[in-house]
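J.: Listed below are the residues making up each chain.
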Amino acid sequence: MKKTFLINDLFWIGLAVSVCAGSIKLGLGSWQQPHAGFMPFLSALILGTLALIDLLRGLINQWKDERLDLEIWGNINWPKLWLTIAILFIYVILFSTLGFILGTILLLLFLFRLMEPRPFGQVIFAALITTGLFYLVFKIGLESQLPRGVLGF
Amino acid sequence: MDIFHHLFLGFEVAWQPINLFYCFFGVLIGTLVGVLPGLGPVAAMSLLLPATFHTSPVASIIMLAGIYYGAQYGGSTTSILVNIPGEASSVMTCLDGYQMARKGRAGPALGISAFGSFIAGTLGIFGLILVAPPLVDFALKFGPPEYFSLMVLGLTVLTFLTSASMIRALMMAAFGLVIGTVGLDNISGLARFSFNIPELLDGVGLVPLVMGLFGISEVLLNIELKIKREIFTTKVKGLLPTWSDWAKSIWSILRGTVIGFFLGTLPGGGAVIASFVSYAIEKKVSPYPEKFGQGMIEGVAAPESANNSAAQAAFIPLLTLGIPSNVVMAMLLGALIIHGVTPGPLLLSQHPDLFWGVVASMYIGNAMLLALNLPLIGIWVKLLKVPYSILFPIIILFCLIGSYSINNSSIDVVIMLIFGLIGYFMRKLSLEPAPLVLAFVLGPMLETALRLSLIKSKGSFAIFFASPISATCLIIALILLIIPILPWLRRRRPGTVLEQENVT
Numbered sequence: 001m002k003k004t005f006l007i008n009d010l011f012w013i014g015l016a017v018s019v020c021a022g023s024i025k026l027g028l029g030s031w032q033q034p035h036a037g038f039m040p041f042l043s044a045l046i047l048g049t050l051a052l053i054d055l056l057r058g059l060i061n062q063w064k065d066e067r068l069d070l071e072i073w074g075n076i077n078w079p080k081l082w083l084t085i086a087i088l089f090i091y092v093i094l095f096s097t098l099g100f101i102l103g104t105i106l107l108l109l110f111l112f113r114l115m116e117p118r119p120f121g122q123v124i125f126a127a128l129i130t131t132g133l134f135y136l137v138f139k140i141g142l143e144s145q146l147p148r149g150v151l152g153f
Numbered sequence: 001m002d003i004f005h006h007l008f009l010g011f012e013v014a015w016q017p018i019n020l021f022y023c024f025f026g027v028l029i030g031t032l033v034g035v036l037p038g039l040g041p042v043a044a045m046s047l048l049l050p051a052t053f054h055t056s057p058v059a060s061i062i063m064l065a066g067i068y069y070g071a072q073y074g075g076s077t078t079s080i081l082v083n084i085p086g087e088a089s090s091v092m093t094c095l096d097g098y099q100m101a102r103k104g105r106a107g108p109a110l111g112i113s114a115f116g117s118f119i120a121g122t123l124g125i126f127g128l129i130l131v132a133p134p135l136v137d138f139a140l141k142f143g144p145p146e147y148f149s150l151m152v153l154g155l156t157v158l159t160f161l162t163s164a165s166m167i168r169a170l171m172m173a174a175f176g177l178v179i180g181t182v183g184l185d186n187i188s189g190l191a192r193f194s195f196n197i198p199e200l201l202d203g204v205g206l207v208p209l210v211m212g213l214f215g216i217s218e219v220l221l222n223i224e225l226k227i228k229r230e231i232f233t234t235k236v237k238g239l240l241p242t243w244s245d246w247a248k249s250i251w252s253i254l255r256g257t258v259i260g261f262f263l264g265t266l267p268g269g270g271a272v273i274a275s276f277v278s279y280a281i282e283k284k285v286s287p288y289p290e291k292f293g294q295g296m297i298e299g300v301a302a303p304e305s306a307n308n309s310a311a312q313a314a315f316i317p318l319l320t321l322g323i324p325s326n327v328v329m330a331m332l333l334g335a336l337i338i339h340g341v342t343p344g345p346l347l348l349s350q351h352p353d354l355f356w357g358v359v360a361s362m363y364i365g366n367a368m369l370l371a372l373n374l375p376l377i378g379i380w381v382k383l384l385k386v387p388y389s390i391l392f393p394i395i396i397l398f399c400l401i402g403s404y405s406i407n408n409s410s411i412d413v414v415i416m417l418i419f420g421l422i423g424y425f426m427r428k429l430s431l432e433p434a435p436l437v438l439a440f441v442l443g444p445m446l447e448t449a450l451r452l453s454l455i456k457s458k459g460s461f462a463i464f465f466a467s468p469i470s471a472t473c474l475i476i477a478l479i480l481l482i483i484p485i486l487p488w489l490r491r492r493r494p495g496t497v498l499e500q501e502n503v504t
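Chains as they are written, first to last, in our numbering: chain W, 1 to 153; chain Z, 1 to 504.
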């Protein structure tokens, strides 16, 4: 099956239609006096038209030049992938509350352990060293305004 | 004489200790990201862009430029020793470089790659010095219609050259234009697609977008792969090529330099296409084409020279016209704008220190790279042994902190993560991120040029065909759009040829 490419084209067509609708609300203006919605409408129109051509081309030749769905999605470690993404979003949400140091140590503990199972001692050491180096470079060296959080520094 | 006077000014700027430091740091990071597969110059430049906010625009651009051309040097190391191209522009170097290494000639392969890069980089800078000033005079005649047409041509060439389907590359360019419209409208001041999020009023940030598309997506993509790296553990010796190696390579280096320079100046061109074309030409002119891919030193010298020459030449459209010819130049354009410098024809007269300082720093940077890449090759080889399980969390952290520290905003980080996911799915579906980024950067300029042209002409599209420059650009763009529709021409499209070369 090659549903992936069908869904892909439908997604872009849907996005293009939504942007066109939003652009009309903004006001397209006229050729003589184009308004704020003119450019997004034009870009979305091109996007939608191209996606429609791609879809029709795929439907006609049954996506014979494309890879199978299984080839694209078959070898993915989904739990690991979604866990990584979830951890990153949780980090962003808790970043201000936990602060840079605590948040980053926890993030790295998860990531180092998730990428490859290693002894906890090594993981903790790597997380502490990396966080320390980042703190030195960004907070002290580049004076970035990283959140202090619960630790207060 | 004027050129020498300006060049002297450039060296005066580039020799300042702070600029020398940033130049060294840039080429060092460039070599590092070139050596490490998975992290390219675009991601590295976006990671380090926030770090340049505290410096002068000159130092910032010197460093960012150093990352770009430094990565071209470093990319060859992994191609030769590991058979994994550190950069897309080093793909062709794998073919003969790795075979040379297998035959015990890793040293001369690395040596000719570094010397070839140095010669090509140096000649590329001279080309830049000679071509840029006259082009600036020419560019001063450009109005909104000319700019619009040139940007359309740049986007079309980039999508034409891409190895993926041209329709999908154009789709990504259109998507990039859509993203570029987020935020306040330049002309009316109306908020567009900002969903009442104050951070989006300024538009989507270039850094979160690029970090997501290139950095985070790369890590997510590699989580599922198990790349086995075979690194030559034997000591790499004999880095200086023999006279026979030089005799075989010198014309390849010069041909690669010329090809790279011309392809680098084209809108949409760049180091990748230059290395592919120069390899193909080298194979064509060689009396032994059948031996290519078996360890021919010409097969290393030509693409490595071409990609470095192209890297220098790519600065010409950016510094003279203010139009980036590829994604890396789009990043530099973003950096210039962040620093309050408007790239374009007036850059040379308003900021001669920046223009000539960057040019002179490239020459110094090339010399630094030669010193970095040959004697320190052992260190770069050791770096290749850093496991991905350590490397990837660090890349992720760089992306997170880098995008946060631009505005101290978590929204930027969320945007980066969203683009990381988009980039991941795009790569899974072979949708190219490069046209998206270029269109995103060019979008606001393109919109302004289009709307001003239409207002000026009272809605008539004839204005785009009234001037020869604009008409020529649009006609070329149209031809490039038609080519993929014609079956016998489609097979000759560089993207298709590149794909075939990749497979073989």
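Hint data in this document are derived by calculation from the structure and do not stem from the laboratory. Built from N, CA and C at the ideal position, the CB exists for glycine as well. There may be inaccurate statements among the hints.
[To be verified] So the derived list for chain Z, only partly shown, Cβ under 8 Å to chain W, looks like this: (1) Ala51; (2) Arg168; (3) Val413.
[Stated by the list, open to error] With a cut-off of at most 25 Å between alpha-carbon atoms, the simulated SDA-like pairs for lysine to any residue come out as follows: (4) Z:Lys428 with W:Thr130; (5) Z:Lys456 with W:Leu83; (6) W:Lys64 with Z:Lys382; (7) W:Lys2 with Z:Ser244; (8) W:Lys2 with Z:Leu239; (9) W:Lys80 with W:Asp65; (10) Z:Lys428 with W:Gly121.
J.: It remains to establish, for every hint, whether it holds in the given structure.
T.: A quick look at each hint next to the structure:
| no. | hint | verdict |
| --- | --- | --- |
| 1 | Ala51 | holds (5 Å) |
| 2 | Arg168 | holds (7 Å) |
| 3 | Val413 | holds (5 Å) |
| 4 | Z:Lys428 with W:Thr130 | violated (31 Å) |
| 5 | Z:Lys456 with W:Leu83 | violated (54 Å) |
| 6 | W:Lys64 with Z:Lys382 | violated (44 Å) |
| 7 | W:Lys2 with Z:Ser244 | violated (53 Å) |
| 8 | W:Lys2 with Z:Leu239 | violated (50 Å) |
| 9 | W:Lys80 with W:Asp65 | violated (30 Å) |
| 10 | Z:Lys428 with W:Gly121 | violated (36 Å) |
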